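Participant: Each chain is listed here by its residues.
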Amino acid sequence: MKIHEYQSKELLAKYAVAVPKGTVASSVEKAASAYRKILKKGRCTVKAQVHVGDKGKAGGIKVVSGLPRLKKVAKDILKKRLVTAQTGPYGLLVRKILIEETIPTVSEFYLAITYDISLGTPVLLACRKRGGVEIGDIAKINPKMIIREDINPFTGILPYQSRRIAYKLGLKAEAIEEAAGQISNLVKAFLELDLSLVEINSWGLTRDKRMIVIDCKMEMDKDGVFRHPELKKLQEASEEDRLEAKAGDLGLDYIALSGNIGCMVNGTGLALATMDLIKLHGGEPANFLNIGGGATVEQVKEGFKVLLANRKVKAILVNIFGGIMKCDTIAQGIIEVAKKIRIKVPVVVRLEGTNFEKGRNLISKAKFNLIAASDMEDAAKKAVEAATTRKTRSIKKTKVSKKRR
Amino acid sequence: MSILVNRDTKVIVQGITGQAGSFHARQMKEYGTQVVGGIAPGQGGTKSDGIYIFNTVQEAVDRTGANCSCVLVPPAYAADAIMEAADSELELIVVITKGIPLKDISRVKKYLEEKNSLMIGPNCPGIITPGECKVGIMPGYIHTRGNIGVVSRSSTLTYDLVWQLTRRGLGQSTCTSVGGALMRGMGFVDALELFERDSETQAVVIIGESGGTEEEEAAKFIKGKMTKPVVGYIAGRMAPLDKRISHAAAVMTGGRSSVEEKASALRDAGVVVSKSPALIAEAVARVLGLSS
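Which chain is which? The protein sequence lines are A and B, in order.
Mapping the first sequence onto our numbering, position 148 (from 1) lands on 859, and the numbers just tick up by one.
Mapping the second sequence onto our numbering, position 241 (from 1) lands on 925, and the numbers just tick up by one.
Pulled out of the complex, with its shape left as it was, chain A reads as follows (with noise of 0.2 Å):
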């Protein structure tokens, strides 16, 4: 779960850890009164507020001096679509910018806060960074530059660590106190707000040698998310597709893709199998969804209508191997989706495991066009088959229209 720029800092200064001073606006006239209240004058950088990295490349951060300057890039940022090599060509709607004053830096490094994933372990990684050469880059290139330092999950980060980690960097005597201390307290916000991410890119070393972070990128554990409902707050539906925000809230794990076939199946590798197999008979999948093994009536449900409200969509596969959860819930969940709503798709059904023969009985019982698969092969054959033959139709359909006219 990520959350904007603003965001991460107002967090991390409750932390001690020192951000430039700032205030987020979402129109021309409040970005000019938080100049006034945070500067007076001088320059100021403004950044749009979008769940996007590269931002500064794709003109999303902008150093201005001076207020009518200032109120001319807001104006060109905001309401405006932020296009980046992520975003795809649409772009991401800008509703915030972040006003902060700009710090003059005389050196710069990176800082992440992460799980090393094979160990099982949180670290911290860190580097020197030098004359605008990406840290994908040096990775990549001289791996040795960047410092690690593992993090006991149950004492957190210790002083000789964080200390140990401001010396490596190459920090002069009279700032190692205090990047330590930053340091310090990153790892404790990290821990204690259950993140699976922070990445200060960059911390900047100031004239008078105090340590501030530039840069900041955040995103929550969404599995500790339950401890914070505070944080829950800070996600902005808006920022992600409508329908996996909706399908998140229900606690279903949906991805949008460009094809025509919805899928719904149970378990990420079933999924992702049921995807290759419908590609592998020359169809696309329209999403990922995964509905997981504990899922309701309610959330197949729910499910459905996620599915049925992407307009691509020509036909439905339901791909469903009962362990925790059964099949009888599965179709009980699509008889009563049909029971409400009109599917004009056809619907192919495959289940197998916990409960099937009752989950089968229901499927063939029900009064509405279903299409039975005896497994997953045949389920992605007949798929890929109906979503085919239903565009074939539709286009015979406009033929005669045309001949008609």
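Footprint (simulated), chain B over chain A, 3 or more residues, beta carbon under 8 Å:
1) 860-871
2) 933-946
3) 969-981
4) 985-991
5) 1025-1034
6) 1086-1098
I should point out that these hints are in silico values taken from the structure, not numbers from a laboratory.
Here the structure is a predicted model, which is why all the values come from computation and not from measurement.
Quick reminder that beta carbons are idealized off the backbone N, C-alpha and C, glycines included.
Starting from the known structure of chain A, fit chain B onto it as the hints suggest.
Facilitator: Chain B in isolation, oriented as in the chain A frame:
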């Protein structure tokens, strides 16, 4: 033989009074697993479907000689349950629970460093030696006894493969999954090592997924240490699910996570990698020379 569980394994179910806990404890027992007790703090002394309930794991171990736990405790309490099981020296802790916070799993992993317990999971379907012992939530009827070892990262895709094997007349020695959690206990290499040593296992199927680097590590192990034939499949070739990768993750993995790279690492190690998830059992039959 088999790996990790057999007819002598004595299983307790942590979280037995929950909906999933009671349902699957019953299913395990019906399959023939020795379910010797359940754990539910505050409900000790009662019974669930004829299974004795204890307040603490230690009490259950002292009274029943349990050596394996199946954890079906909700995410918020799962880490504590796992550490309790490890503290009571259970040899095997099978964690079904999904959605345990990363911090908790990392604490569990640190805690287990000092203990002799092996954790399978979290977020896994469990482990089964067909006809002898089922610890987990997989449907029992799809399995048959035989000589194919199965290790996977997923749950339901494993069931699908097992069902393919069974219908193809290929029984299994033991089937297990390392689980779908980002951070986990037993890894592919641990399972492969056990299958390599197991006299009953003739061939192994490994099912990977996009993301992480475990398949590459498995490939290295297979190339260097494995004599038995291995068949593989990597799910997610068609799905660009890794698009949201951070710098930090890239720094850590060196960016090695594409499905094609995993598949070619495995092929390089002599693994027969199936392109279709529906034809894995067919590939096993071919490798064993059973194909017509």
